Amino acid sequence: MHLPWRWLLTITCAVSCSQAQANGWNMPVGVTDLSRDIYNLHMTIFWICVVIGLIVFGAMFYSLYRYRHAKGAKPANFHENTTVEVLWTAIPILILIGMAVPATATLKKMYDTSDADLDVMIIGQQWRWRYEYLGEDVAFNSNMSTPWEQIHGEEEHGEHYLLDVDEPLVLPINRKVRFLMTADDVIHSWWVPELAVKQDTIPGFINENWVKINEPGIYRGQCAELCGVNHGFMPVVVHAMEEEEFDSWLAERKEAQEQEAMGVDREWELDDLMARGESVYRAICSSCHQSEGQGALPAFPALANNQPMIDDFDWHLDVVINGVSGAAMPAFRSTLNPVELAAVVTYTRNAWGNDTGDVVQPALVAEKIAQ
Amino acid sequence: MWSVVKSVLAALIGVQSNVKRQQDFSSGKPLIFIVTAIVITLVFVLILVGVALVAAR
Amino acid sequence: MAPKLPPQHPLQHSSTVVADGQSHDAHSAHPKGVMRWLLTTNHKEIGSLYLIFSLIMFFIGGIFALVVRAELFQPGLQLVEPEFFNQMTTMHGLIMVFAAVMPAFTGLANWMIPLQIGAPDMALPRLNNFSFWLLPVAFTLLLSTLLMPGGGPNFGWTFYAPLSTTYAPPSTTFFILALHIAGISSILGAINIVATILNMRAPGMRMMDMPLFVWTWLITAFLLIAVMPVLAGLITMMLMDINFGTSFFDAAGGGDPVLFQHLFWFFGHPEVYIMILPAFGIVSAIIPTFARKPLFGYASMVYATAAIALLSFLVWAHHMFVVGLPLAAELFFMYSTMLIAVPTGVKVFNWVTTLFRGSISFESPMLFALAFVVLFTIGGFSGLMLAIAPADFQYHDTYFVVAHFHYVLVPGAIFAIMAGVYYWLPKWTGHYPNEKLAQCHFWCSIIGVNLTFFPMHFAGLAGMPRRIPDYALQFADFNMLSSIGAFFFGVSQLIFVLVVVLCVRGGKKAPAKAWEGAEDLEWSVPSPAPLHTFETPPVFNRTQSSD
Ligand code: HEM
Ligand SMILES: [Cu+2]
Ligand SMILES: [Cu+2]
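Residue numbers (the numbering used here), protein chains in the order written: chain A, 1 to 371; chain B, 1 to 57; chain C, 1 to 547.
Some hints could be false.
Calculated lysine-lysine pairs in the DSS-like style (CA-CA distance at most 25 angstroms, straight line) [unchecked claim]:
id, chain 1, residue 1, chain 2, residue 2
1, A, LYS254, A, LYS109
2, C, LYS436, C, LYS508
3, A, LYS176, A, LYS109
4, C, LYS508, A, LYS212
5, C, LYS513, C, LYS436
6, C, LYS509, C, LYS436
7, A, LYS108, A, LYS212
8, C, LYS513, A, LYS74
9, A, LYS71, C, LYS32
Derived from the structure by calculation, the hints contain no laboratory data. Bear in mind that the values here come from a model prediction, so they are computed numbers and not experimental data.
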């Protein structure tokens with residue numbers, strides 16, 4: 001590595017690492033090798049700017065003080081000096097080259113997604129994250145769990161106000177995890193400062209990024225790209241575990257998901273579907289269609305007392321499964337499983353006075369999806 | 001020709017002396033300067049692309 | 001250069017003195033009242049119209065910003081819903097960029113370019129009138145979208161697709177139309193400025209004798225002509241996607257949302273330089289005046305401006321470091337962005353060296369110009385940090401970026417505009433602005449600006465994303481400071497209005513050469529500048545310029 005750069009790093013770290021760590025003023029050093037590299041780049045360029053700033057502003061304020069008109073300063077009449085001008089062009093260029101070298105090296109590391117131990121698909125949706133552990137048959141949605149009562153000031157703010165989710169992304173430490181990132185509707189951006197991963201998730205594209213976490217812990221971040229009204233309310237939470245712990249978590253998750261799949265063939269009672277449907281509605285649908293199904297025109301139609309929907313059962317089911325093209329209503333066929341779909345359709349057909357008495361069985365939904 | 005190239009390079013980094021500038025502006029052939037500047041800009045872009053490609057390997 | 005005379009009644013013709021091919025009676029039948037302003041083709045009157053329009057829009061955009069800051073004063077949602085919050089951030093950005101900063105510079109150009117090059121008016125006076133009157137139309141339309149069902153634009157001033165197409169409110173078509181009209185106005189204004197500068201300089205004034213404000217505006221005008229059509233194309237593609245079933249930016253139809261960003265920033269980055277180059281020109285006029293010493297490197301300044309303008313076409317993807325560009329592209333844009341800091345640095349060094357061994361006094365225009373140098377440079381430093389691509393993965397779309405561009409735009413562009421207004425008010429009105437009030441305005445603005453925007457650096461580094469209506473508890477202190485600063489800054493701007501109004505109505509009389517160290521041609525006409533100046537071209541005296 002280049003010697004001067006090493007030196008600068010040592011100095012900057014000595015000055016700042018110790019106090020700047022996660023004190024809420026500076027970029028976090030983070031918990032990966034890369035996040036540390038990035039932090040060091042950040043501090044190096046910062047100190048370079050500080051030094052240049054001190055010189056330039058020093059010269060400026062000296063001149064302002066020393067050559068005051070009020071003190072009777074007589075203006076000199078010099079201008080132009082090619083040597084000076086060449087110097088003040090050449091020196092910055094050299095500094096910049098010195099900066100570009102480590103920056104290039106770090107960037108190349110960030111782009112090296114090869115040889116991953118685990119692939120996780122991250123899908124941005126208005127307004128939640130969906131995580132799919134590729135090849136493991138484990139997938140779930142991660143919604144903000146901070147209650148709206150807190151946001152509207154009816155309750156005390158919790159400790160992790162706005163940064164809590166119902167189900168965090170669980171990752172192992174010490175393994176290289178590759179992220180494949182895309183979005184279903186608009187552009188979102190998945191960001192966890194402590195992991196130094198920020199990557200846009202773009203409909204129609206699959207971006208790659210990776211992380212290898214050094215320390216177990218819970219790391220929080222937020223969506224970083226404006227994605228509509230609830231952009232401020234789609235946090236990211238990563239729970240990093242020891243490897244064995246992660247393996248058993250994954251096995252457990254897998255089993256639970258299989259259990260759920262078996263539920264598809266079972267005959268469900270209305271009350272069970274309603275209970276399940278309400279929680280799905282809360283987590284997924286209410287951000288647009290509102291908590292009491294009253295909707296928010298013109299974009300989001302009401303579901304309560306929506307006569308066309310009540311009258312046309314097939315259409316209702318189709319819209320939930322396949323979405324409405326050209327409108328904000330997404331297709332939920334891959335986001336929700338048949339049980340959840342059946343439950344939420346049942347719920348919306350019976351809640352808020354829609355009282356149709358319809359019971360939608362997961363088996364029927366599974367059949368529709370297969371078509 | 002070399003002096004034209006030198007002037008254009010000086011322009012690129014934003015350094016030029018008044019004397020040289022007087023000469024350039026009294027040469028009466030702005031077209032030469034403009035064409036050279038465009039060529040040098042293209043070359044500059046190509047060099048930068050080259051550097052980026054090499055660095056990315 | 002004599003304009004063709006309009007056909008005239010022979011009797012009238014014989015009764016007027018025609019000097020230097022200029023007819024005086026062409027101006028004599030002035031309409032009165034509103035019609036005078038609607039029909040005016042006089043560069044000074046149109047300049048004033050632009051400036052007044054821009055000031056009004058500055059306050060409207062400012063009120064939107066204060067709505068945003070009020071909501072962000074504390075964690076939690078107190079005043080507005082997220083939907084309206086997004087409309088406020090979007091409108092604030094659009095109004096400030098397109099209706100406040102850009103028209104202010106065009107207004108200054110209208111007033112000062114003819115005076116600085118010794119021309120009687122702009123080259124195309126009727127076009128000039130048209131360019132201006134398009135603006136109130138465009139922005140009335142844009143503001144009216146706030147009242148439409150579904151609300152106004154809510155997708156940020158960068159209006160990324162598909163949030164601004166498939167997922168946009170119905171009013172978006174009007175937003176597009178408004179932007180088209182504003183764009184046409186900018187292009188026409190730019191064409192007029194280029195035509196004026198190239199054709200109407202006083203005899204003997206060569207390009208390299210032009211004041212820097214004229215130079216920077218010439219280069220800015222070329223940038224405008226180059227990139228406004230890109231913006232127009234982009235919003236037309238959006239229009240097609242929204243209304244005619246195309247899929248330029250809709251992935252489901254085979255379109256490409258990233259293409260949108262490439263097009264937007266190919267316009268957008270030169271656009272940010274459009275908002276700063278004329279500011280460089282103003283500061284380069286004021287600093288030598290109050291340091292009583294010529295600019296250190298006039299030629300270098302011109303060349304650096306040209307270099308910045310050229311490079312500005314090569315750096316657009318530094319706004320897109322996290323969209324997943326290939327590694328080589330990422331490196332290219334990182335290197336080119338770092339390079340653009342060099343000519344920017346050259347400018348700052350030149351200003352500082354101009355101060356060195358000068359004889360410096362601190363009137364209000366100078367105070368604003370000096371604050372510009374310091375605070376713009378701070379914005380340049382954060383720009384340099386943002387240029388480091390790996391680090392930008394952490395900075396991007398956080399309040400750190402918000403801090404960066406507000407440092408270059410508020411104490412940058414807007415302070416330069418105010419410096420210019422204080423500098424040229426004596427020429428416009430014949431009176432000096434009230435110095436006590438102006439200084440008070442200055443100190444309040446300085447405190448307000450830094451209190452508002454400096455804490456944003458910390459909020460961003462600590463992890464606060466931009467464009468959110470509510471935030472986690474660890475960002476509370478920074479936001480409270482910013483909000484207090486913003487209200488203080490906002491209220492301070494009323495002092496500015498007061499100074500300008502008082503100055504128009506009276507004050508200490510200013511002579512033709514209102515500032516001891518001022519050298520350019522505008523100071524050779526009386527103060528206040530009469531409606532018609534330089535009807536006989538002045539003889540340009542070369543020793544006035546840098547050499
Ligand atoms: C030394 C010169 C500069 C450099 C190296 C620089 C660099 C950058 C970079 C890399 C970004 C993108 C940050 C991100 O989104 O992650 C950015 C954003 C921005 N810069 Fe600069 N900048 C410079 C000067 C300026 C100037 C002079 C202006 C305008 C007067 C300006 C206005 C902006 C604006 C408006 C944005 C944000 C746009 C948005 O996302 O809304 N910058 N700058
Ligand atoms: Cu978002
Ligand atoms: Cu830019």
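Outcome of the hint check:
no., hint, verdict
1, A:LYS254 to A:LYS109, "violated (32 angstroms)"
2, C:LYS436 to C:LYS508, "holds (12 angstroms)"
3, A:LYS176 to A:LYS109, "holds (13 angstroms)"
4, C:LYS508 to A:LYS212, "violated (70 angstroms)"
5, C:LYS513 to C:LYS436, "holds (21 angstroms)"
6, C:LYS509 to C:LYS436, "holds (16 angstroms)"
7, A:LYS108 to A:LYS212, "holds (15 angstroms)"
8, C:LYS513 to A:LYS74, "holds (20 angstroms)"
9, A:LYS71 to C:LYS32, "violated (51 angstroms)"
In this structure, the earlier hints numbered 1, 4, 9 are contradicted, and the remaining ones agree with it.
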